[in-house]
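Protein sequence lines, in the order shown, are assigned to chains A and B.
Taken in order, the first sequence gives residues 470 to 1222; the numbers are from our numbering.
Taken in order, the second sequence gives residues 236 to 412; the numbers are from our numbering.
I should point out that these hints are in silico values taken from the structure, not numbers from a laboratory.
All figures in this text were calculated on a predicted structure; none of them were measured in a lab.
One or more hints might be untrue.
Here are the simulated DSS-like cross-link-like pairs (lysine-lysine), alpha carbons at most 25 Å apart as the crow flies [what the hints assert, rightly or not]:
#1 A:LYS1104 x B:LYS404
#2 A:LYS673 x B:LYS404
#3 B:LYS272 x A:LYS1066
#4 A:LYS757 x B:LYS407
#5 A:LYS1168 x B:LYS404
#6 A:LYS1107 x B:LYS404
#7 A:LYS1202 x A:LYS1168
#8 B:LYS407 x A:LYS673
#9 A:LYS732 x A:LYS922
Chain B stretches covered by chain A per the calculated footprint, using a threshold of three residues with CB under 8 Å from any CB of chain A [to be verified]:
#10 290–303
#11 318–324
#12 340–348
#13 362–371
#14 399–408
Note that CB positions come from ideal geometry on N, CA and C, so glycine has one too.
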Amino acid sequence: MKLVQTQIGRRAFIKNTSLASGGLVLGFSILNSCKPKDIETMAVKEMPNEWFEINAYLKIGDNGLVTIMSPNPEFGQGVITSMPMIVADELDIAWENVLVEQANLNAEDYGWQFTGGSQGIRRRWQGLRMAGATARQMLKEAAAESWKVPVSEITTSEGILLHENSGNSAGYGEMASLAAQREVPEEVPLKEVKDFTIIGTPKKDVEARKVVTGKPLFGVDYQFKGALVAMATHPPAFGLKLKSYDDSAVRNMPGIVDVFPIKSLEEGATRGYFDTTAFTDLVVVVGKTTWEVMNARKQLRVSWEPIADHKLTIDRFGNQMEIDVPKGLENTDQHYAQMNEMASMPGTIARKDGDPEKAFKNAAKVIERSYSCPFLAHNCMEPMNFFANVTEEKALLAGPLQAPALAEATVAARLGIPIENIEVELTRMGGGFGRRAYGHYAVEAAVISKQLKAPVKLVYDREDDMTFGIYRPSYHATYRAALDENNNLVAFHVKAGGVPETPLFANRFPAGAVDNYLAEQWEINSNITIGAFRAPRSNFMAGVEQAFLDEVAELAGKDPIDFRLELLKKAKDNPVGENNDYDPVRYAGVLELVREKSNWDNSPANANRGVAAYFCHNSYAAHVLDVIMENGQPKVEKVVCALDCGIVVNPDAAANMAEGAIVDGIGNAMYGTLSFTDGKPDQTNFDRYRIIRHAEAPKEIEVHFVKNEIDPTGLGEPPFPPVPGALANALYKATGRRLYHQPFINDRPPLVG
Amino acid sequence: MVEPLTKIITGGFESQKIVNSEKLYIMANFKLNINGKIQEVDVDPNTPLLWVLREHLNLVGAKYGCGIAQCGSCTVHVQGVAVRSCMLAVSTVGNQEITTIEGLSENGEHPVQEAWLELDVPQCGYCQTGQIMTAAALLENNPNPSDEEIDMAMNGNICRCGTYVRIKKAIKLAANS
């Protein structure tokens, strides 16, 4: 047992009577069909007469039931289950006596409520444990005082306080009232990893029953008395803006209430780093029902005009920067031509070790390959939407956001409403993948509600969602490797860039494992909006690097896993350079585990297997992927995956997320593409934007975790980036062709179809 | 300028004609047989069943995903057949039996829902009601589907989180229960 200072401020523990007084507080209080009796546990558990709030994360009922708040927004990664599991374990309560609620935005109580960057569990780990452990300590102190015995002699077991010598015992519920009045202890004992009873055991998603019975959980399901529906029309192409519009055919259509223009952000105003949006001038159609608004909006006649070159001022968390937005209607063909040109010229050097030029000159063998990928749309199944009810002095906002605090700050600035007068309810998100970190749609909803003077739900249709995106950029990378006469890798050169950002990570593997190393980068500016997409930049670099290493291993006549392990051994024993950002031992660990679990060393001669591994977002992933040929078409049969993310909080849910990441990786590498013609996305819905479907998913996915006691790191992203590499390597075995350009289905000549 | 409403008869059901300045719009009364209950709505006959369910009847389990019958999030049963409600005009439904996820079972005890819970299939969950409705219709007609039959039946339902492997396992589990 170790003692940890309570770093949570005293303020966070002050009893919040508004929460404590109302019995069970539902996550989404306005979802009217979500009455307490619908909650699964209620069927068997009597609700307490009174709740006692011990701290912002938990309250204990007089009958021993515990309600735990899940602070971060949920978008399918399972934090609404895993975060309360961490609190419950340290509290020492039986999981079946726990009710979970989604917290709304409340920075004072919950700090940085952000879903993204695979940081949720990693950053909350200590705080959530302390929330549980602090409450447990306060319960013990309350019992010690009641029983007049030393607190050190009191033990707990699944919600029961016990003093062995005196024979006293009490449920948490009995001591909750006393405990809630105690001072927060300055130090709390935390459990040893071996003593965890909930962490590390599979627990079902606490909202799964609501999901499978179709309960209102999502932003699009949000209901509010008198709420109208709004849709906003944006320019059809990047590089255009609103000129004028004629709404005469729209206004008298059935159900239509109003048509008006909005400016979601003021021109020239400094933008937050996540205020990305290309289209700030929109024409809004408001009506009574979605169908009526959808129909009426088609009758809107809008004229667009080209944008001029301009600058935006961005506040990147305290650092002001200016970015140039170029005019023009961009084309995908032109992007690739520009990227090829940039790739042929020297880039900006990001890292150099040894003397790469000399090493390449003196090499026995040199191999060079270039790779590219297109823009991608996130395509969350739930299109962007948001509810807003803005009155003179305050605003109620509700909907799907990954970074609610950032959207709230922008709404406050845009509407001139003090931030404390804005309430943000967090709804379950129908997918996010990075897209919902950019909350312009929440700002739009707020501006619409203010102008309309009425509660309103802004909804995007699929076409809005796909063509008003914050996309994964298009990238390009050229790799060169040099082998000596003994097939040792003596030099490595990566040059990467993209539209409009570079994907390069100069200090990642194989940096540190090669004596002569050069990393260069370049960028091509664009007016197409881009942003985080599941494992930003890694989602390209991992796959292409791992495909290239496969070719280098083949050239060297080495087994691809042996080859990687040989490099990792060097990075461990004699690391080159100083800023290598990976742990070669843990990196090798996932490769060794995947080798064992996939039975790699006894692969059948006719197996079409590809391997890939990667480190990003603080975690390690390795995959072995098997492709079979079925009627002349390659199909992924099986994937074996090894992950090292430290302690795994909820193993089955973690495996589910890894399975999803693998399917997502195969899908995007194989089919994903968003192309542009004259600034206009060519794909506007799922008829032309190909998403992986059931028949294309692997038959089987095995997920294995490295077992250790390292504090947990992220998992939403790390299994995703190496997948295209493993796929490309397996497809090479199956078809004899190396694939360099995503999506593979379009790589010349077409792979299939 | 909206003229006074006049009653007209359209396609066998009683309707109201709204003559707008230039266009003709019709609101009609429909009696729908949803989850074993007759429900009455007054809507434009072209309104897709999805929006009638979601916005007029407060049955939000069926989801909008694409509006063009490509993603399956809006799947409901019409006479036991899995149908994309986003492109099914309410006027074409007549008195056919409609089942939505809300009517598939009282509290999620349909074998397909139970299997989904047992294997903890959902991630974000948005597409899952549509997946479940398609799977339930499949098993109704084919109690022991092969992998290929599952693929074929389910291929119209996109899951962006990539839960396909678990969905297939859950369908098999439900088939065996």
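Hint by hint, here is what the structure shows:
| no. | hint | result |
| --- | --- | --- |
| 1 | A:LYS1104 x B:LYS404 | holds (19 Å) |
| 2 | A:LYS673 x B:LYS404 | holds (16 Å) |
| 3 | B:LYS272 x A:LYS1066 | violated (53 Å) |
| 4 | A:LYS757 x B:LYS407 | violated (43 Å) |
| 5 | A:LYS1168 x B:LYS404 | holds (10 Å) |
| 6 | A:LYS1107 x B:LYS404 | holds (14 Å) |
| 7 | A:LYS1202 x A:LYS1168 | holds (19 Å) |
| 8 | B:LYS407 x A:LYS673 | holds (19 Å) |
| 9 | A:LYS732 x A:LYS922 | holds (16 Å) |
| 10 | 290–303 | holds (count 13) |
| 11 | 318–324 | violated (count 0) |
| 12 | 340–348 | holds (count 4) |
| 13 | 362–371 | holds (count 4) |
| 14 | 399–408 | holds (count 5) |
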